[in-house]
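Colleague: Top line first, the protein sequences correspond to chains A and B. Here the first sequence is numbered in my numbering, starting from 1 and rising by one per residue. Here the second sequence is numbered in my numbering, starting from 325 and rising by one per residue.
Among the hints, a few may not be true.
Said to hold, decoys possible - Here are the computed lysine to any residue pairs in the SDA-like style, where the Cα-Cα straight-line distance is at most 25 Å:
id: 1; chain 1: B; residue 1: 415; chain 2: A; residue 2: 214
id: 2; chain 1: B; residue 1: 357; chain 2: B; residue 2: 476
id: 3; chain 1: A; residue 1: 297; chain 2: B; residue 2: 410
Calculated from the structure, these hints are not laboratory results. Predicted model, so just to flag it, every value in this text is computed and none were measured.
Below are the chains, spelled out letter by letter.
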Amino acid sequence: MPAPLDWRRARLAATRDLTRDVRLLAIEPEGAFVPPTPGCHIQVGVQVDGRADTRSYSVVDPGRDGLYRVAVKRLATSRGGSRYMWSLAPGARLLVSSPANHFELAPGRPHYTLVAAGIGITPIRSMALALAEAGAELRLLYAARTRAELAFADELGALLGERLDLFVAEEGRRIDLGAVVAAVPTGGELYLCGPIGLMEAGKRAWALAGRPAASLRFETFGSSGRHATLPFTVRIPRLGLEIRVPENRTMLDAMEAAGVAMIHDCRRGECGLCAVRILDADGVVDHRDVFFSDEEKAANAKLCTCVSRLPGGVLTIDTADRAA
Amino acid sequence: MTDLRPFPLNAWYAAAWSHEIRRELSARTICGKDVVLYRRSDGQAAALEDACWHRLLPLSLGRLQGDEVVCGYHGLVFNADGRCTYMPAQKTINPSACVRAYPLAERHRLVWLWPGDPALADPALIPDFHWNDGTDWVGEGGTFYSLQCDYRLVIDNLMDLTHETYVHAGSIGDEAITSAPFEVTHTDRTATVTRWMIDIEPPPFWKRQLGREGHVDRWQVIHFQAPSTVVGDVGVALTGTGAPEGDRSQGVNGAFLAAITPESETSCHYFWNFVRTFRTDDEGLTRDIQRAHVNDGHGVYDQDHAVLEAQQKALLRHPRLPFYNLNIDAGALWARRLIDDILAREGAPRPPRVEAAD
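Turn these sequences into a full structure, and let the hints steer you where they fit.
Modeller: In structure tokens, the structure reads:
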């Protein structure tokens, strides 16, 4: 059971566009300020198609001025959260939670390797700031498709100098996780945040090198896959249902909206509670969770409905429903 | 509770005597946080949040397996960093599955725990408690675990020794304490109460230790280090032999040591010792002094124990009655002032912003 969240009223103090698609929002909560810790996130109440919902955003700095700063990427396939956040003007009223941390930075390690790709820079930035301030040994590798998509790059470069390494795919530089892992000194830790492909590659490289599993830390936003985010159809023969999953909705949400009883907890592909059995898929299943192992994903017996999907086509599944 | 807690979190607190932490799980509550302590196979002590990430069962009800803790309910395993290394019935481990690992340091025969922001846990901030090292000063103390009073009541008690006259009459108490003047000084982290009683009849305990006839000069120099350690340099020397001027060679010198760790707002763990620089090889004396302090209700600290718990009960029963202060409380008030300063620096709630209605 997740702890009851401490929701409070807040005001959008300021916004600033970091790139064409990434906007920094400074949010001032009312009441006592709970300081953010590196890697933490806050939840924000959002309105999507007239319905209240919540979204989690990593806090990008220590907020010493009493503001929570989050960076929100505008996505064409947004489920509506980023569109809402981008619609807000300074002064807007918000509801936010106190910070929670699912991606904690452990102090006192001999070396830290931070790897971020795309909007995955948000928790990694707060870690880089904290580590640099503490005088820790660190290296930050940051990848994006184009140079214009690198948020915070100039300022991180000024702070970290040689310790920052940028990888711009368009310019032909990609992160080689095997080499990254090989360069991590004994006792060092690797923190990863980015698309699922990067994290899976990181996990494989880490395991292959025989490194202790608990020293690889990663966070997933559950919003990226190996395939395009497109509408698809879920068919549930047992219930006689055929459900359309639009590109801006999760399969879990679409199923619940269609009246299918589901259980779930994390909603980011970690806990596995929302997994259902796959009967047939007329396309490749885009597993976006970190719950199933590589072997389990390859076997395609189940998928996590909170994050995983099909890039179009029909997915036939079974649920836990049984006749009374 | 966060806003009202009377103890700083960003501080080192004694959590156990070093010898108490072995290759087994032991539970404590420190500053309202349940922790499980154990010693790793490499000899380092470890402290984890005492609640499984999964269903919150205290991990201290599980078992130690190598250097990791196995939850006694569903077998989740956590390493000494608090990270989950095993989950039942699945091939992967939820990446956010962690329990807090508390910074620990062992120094002065105690295990010190930092309940606050781990990034700030600098071992250089451990209180100077070298009197407890067991080298120049000798003594064997103990702990009142879960003493049922606010830790600050213990500090009040130790920072004003006039109470000895009434609580500890017949051993260390003496009318001279109440009539001798005292001086209180402070820095930003320490407060010191200094009292000299010149040319007095020694109280029974000190007369025995000195083993010589005649009047004495008695000193009590009590050092408080914020937030919660107290070291009292105490002793007597024959009058006229220069003790007030710094020559204690014709006297006997001891020190009472207190590391007081908040357990909750109204309870604490009181790690105490009484050490001395005289007859340091006399193990019988070490035992006698320990018994003089704690002895099935008859020791001097047993007497304090009874007073402190009764005082806390009265405070809870009369929550709105004022707590008056006297001149004798100057040392205690400086100690409380330094604690309040730390609490304020730790981020007391910001005053609410006044905004125009929109």
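Colleague: The structure should be examined with respect to each hint, and the outcome stated for every one.
Modeller: Going down the list of hints, with the structure as the test:
1. At roughly 14 Å between alpha-carbon atoms, residue 415 of chain B and residue 214 of chain A fall within 25 Å of each other, so this suggested pair holds.
2. This hinted pair checks out: residue 357 of chain B and residue 476 of chain B have alpha carbons roughly 18 Å apart, not beyond 25 Å.
3. With a CA separation close to 20 Å, the supplied pair residue 297 of chain A and residue 410 of chain B stays within the 25 Å bound.
Comparing the model with each earlier hint shows no violations; every hint is respected.
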